[in-house]
Amino acid sequence: MALLNQLLKNMFRFAPLIFLIILITPLVLVLLSLFGEYNDNWNHLYNYVLPNYVVNSILLILGVSVLSTILGVGTAWLMTNFDFANKSWLEWAVILPLAVPPYILAYTFTGLFDSYGSANELVKTLFTLDENYAFFPNVRNIFGAIIVFAFTLYPYIYLTTRMAFINQSRSLIEAGKLLGFNNWALFFRLAVPLVRPALIAGLALVIMETLSDFGAVEHFAVQTFTTGIFRTWFGMYDLNTAMQLSSILMIFIVFFILIERYERNRMSFTYAGSTFKKTSKKKLRGFKSLCAFVFCFSPLFIGFILPIIELTNWAIFYPSEYFFSMNILNSLFNTATMGLIAGIICTIFALFINFLNRFGGGNFLKLSSQFLSLGYALPGLVLAVGIIQFFSLIDNNFSKYFLGFSLVGSLLGLLLAYIIKAYALANNTIESGFQRISNSIDDVSLSLNGSKLKIFYKVHMPLMKTSIFTSLLLVISEVIKELPATLILRPFNFDTLAVTTYIYAAEERMYEAASPAIMIVLTGLIPIIFLSQLIRDSRPGKS
Amino acid sequence: MKNINVLSTLLALSIFTNFVFLSEVNIYTSRHYDSDVMLYESFTELTGIKVNIISSKSQALIERLRSEGSNSPADIFITVDAGNLWKAQNYGLFRRINSKKINEIVPKNLRGENNEWIALAKRSRVIFYNKDIYSKADLQGLSYKDLSSPKWKNKIAIRSSNNLYNQSLVASMIAKYGESYTENWAKGLVENFARKPQGNDRAQIIAVANNEADLAIANSYYLGLMLSGKKGEKQLNAGKKVSILFPSQNEEGAHINISGAGIIKSSKNYDNAIKFLEFMLSEQAQKHLVENTYEYPINKNVEPSALISQFGLNFKENISKVSEFGKFNSAALKLMDRVGWQ
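Residue numbers (my numbering), protein chains in the order written: chain D, 1 to 543; chain X, 1 to 342.
What the hints contain is simulated information worked out from the structure, not anything from laboratory work. Glycine included, C-beta positions come from ideal geometry on N, C-alpha and C. No incorrect hints appear here.
Computed list of lysine to any residue pairs in SDA-like fashion (alpha-carbon distance at most 25 Å, straight line):
id: 1; chain 1: X; residue 1: K196; chain 2: D; residue 2: N47
id: 2; chain 1: X; residue 1: K265; chain 2: D; residue 2: F492
id: 3; chain 1: X; residue 1: K101; chain 2: X; residue 2: K287
id: 4; chain 1: X; residue 1: K196; chain 2: X; residue 2: S149
id: 5; chain 1: X; residue 1: K196; chain 2: D; residue 2: N141
id: 6; chain 1: D; residue 1: K283; chain 2: D; residue 2: N182
id: 7; chain 1: X; residue 1: K240; chain 2: D; residue 2: Y116
id: 8; chain 1: D; residue 1: K282; chain 2: D; residue 2: V192
id: 9; chain 1: D; residue 1: K124; chain 2: X; residue 2: G199
id: 10; chain 1: X; residue 1: K275; chain 2: X; residue 2: N114
id: 11; chain 1: X; residue 1: K230; chain 2: D; residue 2: A315
id: 12; chain 1: X; residue 1: K187; chain 2: D; residue 2: V55
id: 13; chain 1: X; residue 1: K155; chain 2: D; residue 2: V139
id: 14; chain 1: X; residue 1: K187; chain 2: D; residue 2: V49
id: 15; chain 1: D; residue 1: K281; chain 2: D; residue 2: F295
id: 16; chain 1: X; residue 1: K234; chain 2: D; residue 2: F136
id: 17; chain 1: X; residue 1: K153; chain 2: X; residue 2: S135
id: 18; chain 1: X; residue 1: K145; chain 2: X; residue 2: Y181
id: 19; chain 1: X; residue 1: K241; chain 2: D; residue 2: N138
id: 20; chain 1: X; residue 1: K265; chain 2: X; residue 2: E104
id: 21; chain 1: X; residue 1: K240; chain 2: D; residue 2: L129
id: 22; chain 1: X; residue 1: K230; chain 2: D; residue 2: F113
id: 23; chain 1: X; residue 1: K196; chain 2: D; residue 2: G117
id: 24; chain 1: X; residue 1: K50; chain 2: D; residue 2: L411
id: 25; chain 1: X; residue 1: K50; chain 2: D; residue 2: N327
id: 26; chain 1: X; residue 1: K230; chain 2: X; residue 2: Q310
What the simulated footprint calls covered on chain X by chain D, stretch by stretch (three residues with Cβ under 8 Å from a Cβ of chain D suffice, anywhere in the stretch; the number is not a length):
id: 27; region: 40 to 54
id: 28; region: 63 to 75
id: 29; region: 159 to 171
id: 30; region: 194 to 208
id: 31; region: 226 to 236
For reference, chain D alone in the conformation it holds in the complex:
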């Protein structure tokens, strides 16, 4: 019996490690290319296009960071500290753009704002303007891309900073007021620094998702790292150089992640001190109330309502028989199933890893967990290749003898890709959740003769319910939106909604793309609605 206990104990320690190794290997295989050969395509890249990719990527990051921070922090601050017109539903509705993947917003933007798009047509008819007049500026450039990313991704920042604002003790704010801070000073010099870790956590997610996107930047003809990687791979038939480029992209990302970790460590604390008081909300009236409303409504409108309108516009133009075709229902089922499985696995895994970390799980665990978070930033296509190469290794040496079917092209590969891609979301959420549980609770429970495992089940889990649910939902919505890896790794006769949308949109068969696109947004709404319930229920003082 004792032996069995020992075995189980060790399994708990080793199982996560083994999972981590499996998940990391594809990433490592990609990075290994940096140590391989550099052919003369590299010279060509260096001289002619690499500077372009770097500059554009940096511009994109800067632009998206600034805009999404303004939107995310601004809305979070307004919602937590003021009451204004329509705020009760705005408070949760403002995260709806999360249901719209960047590439879908990109498709609808061009449908609206191209010179002969629906928005321009509308303006022309309303104001009877000249045939060739285009009211809205061209969106197929880097500015369009910045807007698209900022308006679909700001909810990440809203979510993280809102939690932080809510948990701010009122006594801190009152102290600030005593020191003579006005509203603006309170915001910039007190509130923002206090939520900096949360802001940076959210910003990290935003930047990673921006850098790894392919669909939107391709559609807007913006040359970035991802389009460059694809071009090198498919245009120059040079997977090796493409993997090397991707490794550089990964290193870029590591840089941001390191900054984020540094910030978090500098401010390592658990929220909510003992003199916690609910922040009172100031009621806004008249013009100020209107301003607050407009500021909070605009991102919702641009990031969610506008694309829905355009998608519905397209759906109407197309015979309704296709709307619920077998093909699309199949895609829907596949998408939902994969999302659920990936979500459960990611969340369980993140729980284990973070729990082990909390009790000093050792550097390797910590490092590899953070390394795995890189998966989020990896362009899906490159991730897919890493996985295929990994599986081929196994197939060639093991599968023939032990498994009887090949791993490549099976659902396992796709699942692995989703897990690697979405792990960062689960990890960040669970990690924040654990951080909000004061360490003294652990100490108290341990001293009451609890084993670490008991603490996990009886103390942590109930406190983590919200985070667990959030993690599940975020992973599911990420899987729904994932595109490039799915395109490569999926088995025969297995399409997801994202794949179906892309295949139509890439041919600018926008009307046909409307149906699966709407499904993506609708299915994505379900986790978002749950998330919004959590927001509604989260009031100051509750964790």
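We have chain D already, so just place chain X on it with the hints.
Here is chain X on its own, set in the frame of chain D:
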């Protein structure tokens, strides 16, 4: 708990049924026309062979085939653009197609050098112009080479150099005129762009219909698609305003590219694959194909759709080997980078 049992049984069953032996043929295709599905169903009706499809971007499929190696379940790889076929061939993915029937139907310049792959349909990369501005006589004898002349400054709409069709066009120029000449030509062409390359082929044609550009370079079949009305009223109206000029009629002929297919080396259903390819070249299949996609048929007994034939049928085709496109693709792309063709 019962649900879990049911679910896991279903899961196990579904995994199991993948290995039950059925006469089938597994196809990786980058063509994504809904009309193709009907073709596959006709094939199954005719022969009893089940057709399994996975469709994706060509490059993605090639990469997957490479990684899968001899474990790949694929029998056939169908794609558009000879550049893709050459690339797959270069990776050693194909097996020689031995069929007298196929050799009789497909001319030699539209096959791999050792029958690694064959054409299933043809398309031409042509010049579109606005009928209100130019007449056919105005543009008589216009060649690809002429497009770099300053006369067309700010007048040409063409898509990004990322697109394989453009790379193949440039590759064919390199094959015929050499890299140095082609680089000068491309430099001139880039200076004639009406706008930064954006959108796909159809977007270029629409730009011409809307007077944003005078000439567009795009694939022939798009006009058929636009005029069919299947893509909506806006495209139909735009299509009515433009017409096609087949370039270089006094010289090498219009640039021809193909949709084609090859049999995967590790294929376990070689005979079924041959049957499938022969079917795709049969009159019945070719007719269905071109009626829906507005490409030109390979089978000489079949007429292209009327919607596309109206713009000209017996135009001079560039009969150089399409296998050259792949060979010079990498050089073409680097050249396009050097001249700033985004």
